[in-house]
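Sequences and hints are given; from them, build the entire structure.
Here is how the chains run, residue by residue.
There are 2 protein chains.
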Amino acid sequence: MSQGFPESEFQTRTTAAQARMGEAGLAAILLTTEPEIRYFTGYLTRFWESPSRPWFLIVPASGKPVAVIPSIGAALMGKTWVDDIRTWSAPEPADDGVTLLAAALRELAAEGKVGLPSGAESHLRMPLTDFERVKAAAGMEFTDDRGIVATLRMVKSAAEIEKISAICAIAGRAFGRVGEIAREGVPLTQVFRDFQRLLLEEGADWVPYLSGGADQDGYGDVISPASHAPLRTGDVMMLDTGAVLDGYFCDYDRNFAISQASDAAKKGHARLIEATHAGLEAARVGARASDVWKAMADIVGGGEGVGRMGHGLGMQLTEGLSLTSKDHTILQAGMVITLEPGVGTGAETMMVHEENIVIEASGPRLLSPLATAELPVI
Amino acid sequence: MSQGFPESEFQTRTTAAQARMGEAGLAAILLTTEPEIRYFTGYLTRFWESPSRPWFLIVPASGKPVAVIPSIGAALMGKTWVDDIRTWSAPEPADDGVTLLAAALRELAAEGKVGLPSGAESHLRMPLTDFERVKAAAGMEFTDDRGIVATLRMVKSAAEIEKISAICAIAGRAFGRVGEIAREGVPLTQVFRDFQRLLLEEGADWVPYLSGGADQDGYGDVISPASHAPLRTGDVMMLDTGAVLDGYFCDYDRNFAISQASDAAKKGHARLIEATHAGLEAARVGARASDVWKAMADIVGGGEGVGRMGHGLGMQLTEGLSLTSKDHTILQAGMVITLEPGVGTGAETMMVHEENIVIEASGPRLLSPLATAELPVI
Numbered sequence: 002m003s004q005g006f007p008e009s010e011f012q013t014r015t016t017a018a019q020a021r022m023g024e025a026g027l028a029a030i031l032l033t034t035e036p037e038i039r040y041f042t043g044y045l046t047r048f049w050e051s052p053s054r055p056w057f058l059i060v061p062a063s064g065k066p067v068a069v070i071p072s073i074g075a076a077l078m079g080k081t082w083v084d085d086i087r088t089w090s091a092p093e094p095a096d097d098g099v100t101l102l103a104a105a106l107r108e109l110a111a112e113g114k115v116g117l118p119s120g121a122e123s124h125l126r127m128p129l130t131d132f133e134r135v136k137a138a139a140g141m142e143f144t145d146d147r148g149i150v151a152t153l154r155m156v157k158s159a160a161e162i163e164k165i166s167a168i169c170a171i172a173g174r175a176f177g178r179v180g181e182i183a184r185e186g187v188p189l190t191q192v193f194r195d196f197q198r199l200l201l202e203e204g205a206d207w208v209p210y211l212s213g214g215a216d217q218d219g220y221g222d223v224i225s226p227a228s229h230a231p232l233r234t235g236d237v238m239m240l241d242t243g244a245v246l247d248g249y250f251c252d253y254d255r256n257f258a259i260s261q262a263s264d265a266a267k268k269g270h271a272r273l274i275e276a277t278h279a280g281l282e283a284a285r286v287g288a289r290a291s292d293v294w295k296a297m298a299d300i301v302g303g304g305e306g307v308g309r310m311g312h313g314l315g316m317q318l319t320e321g322l323s324l325t326s327k328d329h330t331i332l333q334a335g336m337v338i339t340l341e342p343g344v345g346t347g348a349e350t351m352m353v354h355e356e357n358i359v360i361e362a363s364g365p366r367l368l369s370p371l372a373t374a375e376l377p378v379i
Numbered sequence: 002m003s004q005g006f007p008e009s010e011f012q013t014r015t016t017a018a019q020a021r022m023g024e025a026g027l028a029a030i031l032l033t034t035e036p037e038i039r040y041f042t043g044y045l046t047r048f049w050e051s052p053s054r055p056w057f058l059i060v061p062a063s064g065k066p067v068a069v070i071p072s073i074g075a076a077l078m079g080k081t082w083v084d085d086i087r088t089w090s091a092p093e094p095a096d097d098g099v100t101l102l103a104a105a106l107r108e109l110a111a112e113g114k115v116g117l118p119s120g121a122e123s124h125l126r127m128p129l130t131d132f133e134r135v136k137a138a139a140g141m142e143f144t145d146d147r148g149i150v151a152t153l154r155m156v157k158s159a160a161e162i163e164k165i166s167a168i169c170a171i172a173g174r175a176f177g178r179v180g181e182i183a184r185e186g187v188p189l190t191q192v193f194r195d196f197q198r199l200l201l202e203e204g205a206d207w208v209p210y211l212s213g214g215a216d217q218d219g220y221g222d223v224i225s226p227a228s229h230a231p232l233r234t235g236d237v238m239m240l241d242t243g244a245v246l247d248g249y250f251c252d253y254d255r256n257f258a259i260s261q262a263s264d265a266a267k268k269g270h271a272r273l274i275e276a277t278h279a280g281l282e283a284a285r286v287g288a289r290a291s292d293v294w295k296a297m298a299d300i301v302g303g304g305e306g307v308g309r310m311g312h313g314l315g316m317q318l319t320e321g322l323s324l325t326s327k328d329h330t331i332l333q334a335g336m337v338i339t340l341e342p343g344v345g346t347g348a349e350t351m352m353v354h355e356e357n358i359v360i361e362a363s364g365p366r367l368l369s370p371l372a373t374a375e376l377p378v379i
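One line per chain: the protein sequences are A and B, in this order. Heads up: the first sequence at position 65 corresponds to 66 in my numbering, and the numbers run straight through without jumps. Heads up: the second sequence at position 40 corresponds to 41 in my numbering, and the numbers run straight through without jumps.
Some hints could be false.
Claimed, not checked - Label-pair distances were calculated between CB atoms; the ranges are:
#	chain 1	residue 1	chain 2	residue 2	range
1	B	Ala334	A	Gly79	35 to 45 Å
2	B	Ala104	A	Ser63	39 to 49 Å
3	B	Ala137	A	Glu112	25 to 35 Å
4	A	Glu361	B	Gly26	54 to 64 Å
5	A	Phe143	B	Gly345	34 to 44 Å
6	A	Phe143	B	Asp84	34 to 44 Å
7	A	Pro94	B	Ser363	28 to 38 Å
8	A	Pro94	B	Val286	17 to 27 Å
Claimed, not checked - Calculated from the model, a selection of chain B residues having no Cβ within reach of chain A, i.e. all distances over 12 Å:
#	residue
9	Pro7
10	Thr16
11	Glu24
12	Ala25
13	Pro118
14	Pro226
If you are wondering where the hints come from, they were derived from the structure by calculation, not from laboratory data. Keep in mind the model is a prediction, meaning the values are calculated, not measured. Note that the Cβ used here is the ideal one computed from N, Cα and C, for glycine as well.
Below, the structure written as structure tokens:
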């Protein structure tokens, strides 16, 4: 698989955005976050880890996007399809791109409206004080982007799906080797380090996300850092990873019983796999996110109080729709989502299972290697 | 080293913020980002990788901070010193914490002003539409936080410095093993994977940041992803990592010559080490960030056009001051910074060197193992 995408990919995305901008009466869309800027340019760097510099991309009503970025990024942005790259030497305390951005917006969007992603999962990656300065300097109307960017990103191209599929396969090979690193007596902190190592050995570029838990019959929490406590016989250990290849995530988990599996854990796991199959059955073009949620909730129980049981996936660990009772997004071919049912296995323990799928016209296709109903013992 | 901090650490941070809030006339500070919320609570999770849910922390004029967070985080937040934890089931499309947050702000800050971090390096991690709803529902005055949070975070406690020192030592051991993974013929992509593996083997919790480059006499860019091209004899390879232990970063690099070092590379490296020593000499309590920058710039040349040559370091890869000609922040004991001079080694190549230090009353103390003037050949 080659790095990045052909220019046609970005042309298609930009043209699609511009068609919707025209309908919505937006003269430009202003982007400030990593996935949004990368979506329209292919600009891929881990340098976003530094909060010190703001980055801007303007999608005008027609033509290629225009980058307004710190000069340290000019060489890399110059390798993308973007031609118009305007830079300043950041960080610049007195004017950190404010004047340059305002002038570019005025030039490109004239008297029109500027749309900013403003809905669920979005944020503005620049200081609030500078945002107010940009608005004042540009003297234009700023509004939300009508959800255009988020909506476009929800449906993946074949080339995007290929990347997600590749990282899912890498994670599958790493999960297949968990027996090498986890056993009674090993602390979960060590398992976390070693599992990230396995992901890298199997070909991941990096591992932005790893969570998990381990306790008797299940675990109490799926977002805490790993504990230094050693694994014990009868623990159920879960590892959930968001590893990345060429800027695209997998996000799925696996459960393992340490040395032996309790009845509660075996039953919990079988129930989760049953729910996953029900989710798969429901995940058809035209179904709503809430329908897929209900198919799984009917099996794991809990009713409306049960939280989300899956979500979209792609350039971010979670993005787009949520499988909840309240998200009625219609599934379309090309959407990549996770199925993530959870089930209580004791008064203070639960188990969670997760798979990654792509919605196709003929039905869902598994990107992660579907787990069997039998809880693996290692 | 134990995980996390004793409660006294958070009490001290909160009391210090509240003293400054009193002087500034702020009735509360509202926080939305990972490092800011962790600074006042110790709430540490990689779950922030998901953008789907907003998280809020209110620092009131007195007493402990109050968390307004998705219910999925309640158990973990319950392990911190925070007592007042208000939750909702997120994501909730109709009201994703807006009403709950507005009510908490009204209750805790009455008719007073709410400060938000709004200056350099800050951003608001919530949808803009919801921010407008919170402002309308709370009916209070929102303003910047007078830089209180950023200013406090710039000076590290002994316990914070211990964590940064520990991750610097881990990275030092990994850099010491680069000869195991890099040689002529190995692609830089593979070196990147293997170096992350070495960092994990040596004890890093995870590796949020790795950049680098490799080319004859130097490299053209320090933020691009690794290339698939194999290393060649005479390449200068640089690896720059931000690895994390217990939520604290190191951020430094090392240069290596592959098989043999050219004169240009040797001279460049020696110049960088000379500049680093000059930076060390200048990095004293009472000096300005710009003084340290100038000490290094005088050796590597380039004048005002030379970009930043170091920055603060801690819970984020880069935070706080910048070593530039325009940042006149006064160095204080307890500040942890990087010294990061760069030098041109050819028409399109450069080299960059970086070390991590803590400013102490008696002078700077190295946290990374200071490189020698001789460019290592592997």
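Hint numbers contradicted by this structure: 13 and 14
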